[in-house]
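Position 285 (the sequence shown) corresponds to 285 in full-length UniProt numbering; numbering is contiguous.
Don't read these hints as lab results, they were simulated from the structure.
Note that the Cβ used here is the ideal one computed from N, Cα and C, for glycine as well.
Heads up, a few of these hints could be off.
Taking lysine to aspartate or glutamate pairs in the EDC-like style, the calculated list, with each CA pair at most 16 Å apart, reads [as the list claims (entries may be wrong)]:
hint, residue 1, residue 2
1, K47, D93
2, K134, D11
3, K47, D115
4, K47, E60
5, K47, D70
6, K47, D69
Quick list of simulated restraints, FRET-style, between CB atoms [to be verified]:
hint, residue 1, residue 2, range
7, S170, D147, 21 to 27 Å
8, K47, R187, 16 to 22 Å
9, G27, E123, 33 to 39 Å
10, M5, D68, 15 to 21 Å
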Amino acid sequence: MSIVMRVATPDALGEIVEAVAGFQRPGRPVQLHPGDLGWNWSLGMQKLADAVRVWSRDGEIVAVGMGDDDGLIRMGIAPSAGDDAVLAGRILDDLPDGYRAVEARSGRAFRALLDSSGWVADESWTPLTRDLAKPVEDCGLRVETIDPHDVRDQLLHDRVAVQRAAFPTSTFTVERWRTMAAAPAYRRARCLVAYDNAGNAVATATVWTAGPGRPGLLEPLGVHRDHRGQGHGRAITVAAAAALQEMGSSHATVCTPTANTGGVATYVSAGFEQHPPVTDFRRPSR
1 MSIVMRVATP DALGEIVEAV AGFQRPGRPV QLHPGDLGWN WSLGMQKLAD AVRVWSRDGE
61 IVAVGMGDDD GLIRMGIAPS AGDDAVLAGR ILDDLPDGYR AVEARSGRAF RALLDSSGWV
121 ADESWTPLTR DLAKPVEDCG LRVETIDPHD VRDQLLHDRV AVQRAAFPTS TFTVERWRTM
181 AAAPAYRRAR CLVAYDNAGN AVATATVWTA GPGRPGLLEP LGVHRDHRGQ GHGRAITVAA
241 AAALQEMGSS HATVCTPTAN TGGVATYVSA GFEQHPPVTD FRRPSR
């Protein structure tokens, strides 16, 4: 059985998103998700395609990697191929020198190969999940959902403004939101904006499903810098979990830097279960 690696093309992105959706299983490690691809789609189809590598075995996609400008590639591996040592070797051989780090939370064979090949532990991340089998409580804030078919300009501007106020280096814009919302991955997504009692837009989240009965993802989630310390992080997290539940997800999932102790505590307070940390792998020095 032959394994082939290719760089994605814009026309193939829809197929790749569906394949990555099929990788998501309840109880499995939090790995590359359709929402990760969907969020990066805001940068444009061609830029996303250039960043994506796909490994196929006899025509079936069994692994997908998405690189970023910092030299990190984030991997998703099909559960059926997690113990495939041949695939693991091929992925490692195919990684360009430009990738200094690998996010590989799934695929035991690939993780073991990275370890035995001298790759060392890099940044530590804490996965968190919330089981959506039980009802999700009210979040306590007014939460609006942006309808991509009937966009209210003020709501969209609020969503972008909170994003930029929550993340100091954010370059998110209205135009990027529209690009993202027009993509196939967004058909199973929602953007939420939360408002306090004074009518201020205080928090936002985008949630992505992978199809009914599969884990959904919170990516991204943030609180406006001028409205922190008031419980809005917990509130928007609960609202995001409720949205994923309405959309049929089995679980709400997120992964945050282990060093972000405040973020971990917020997710736990919103009913998420904290799992053992997992590290990225950094290429050995030469």
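- Item | Numbers of the earlier hints that this structure fails to satisfy, in rising order | Per hint list: 1, 2, 3, 4 and 9 violated.
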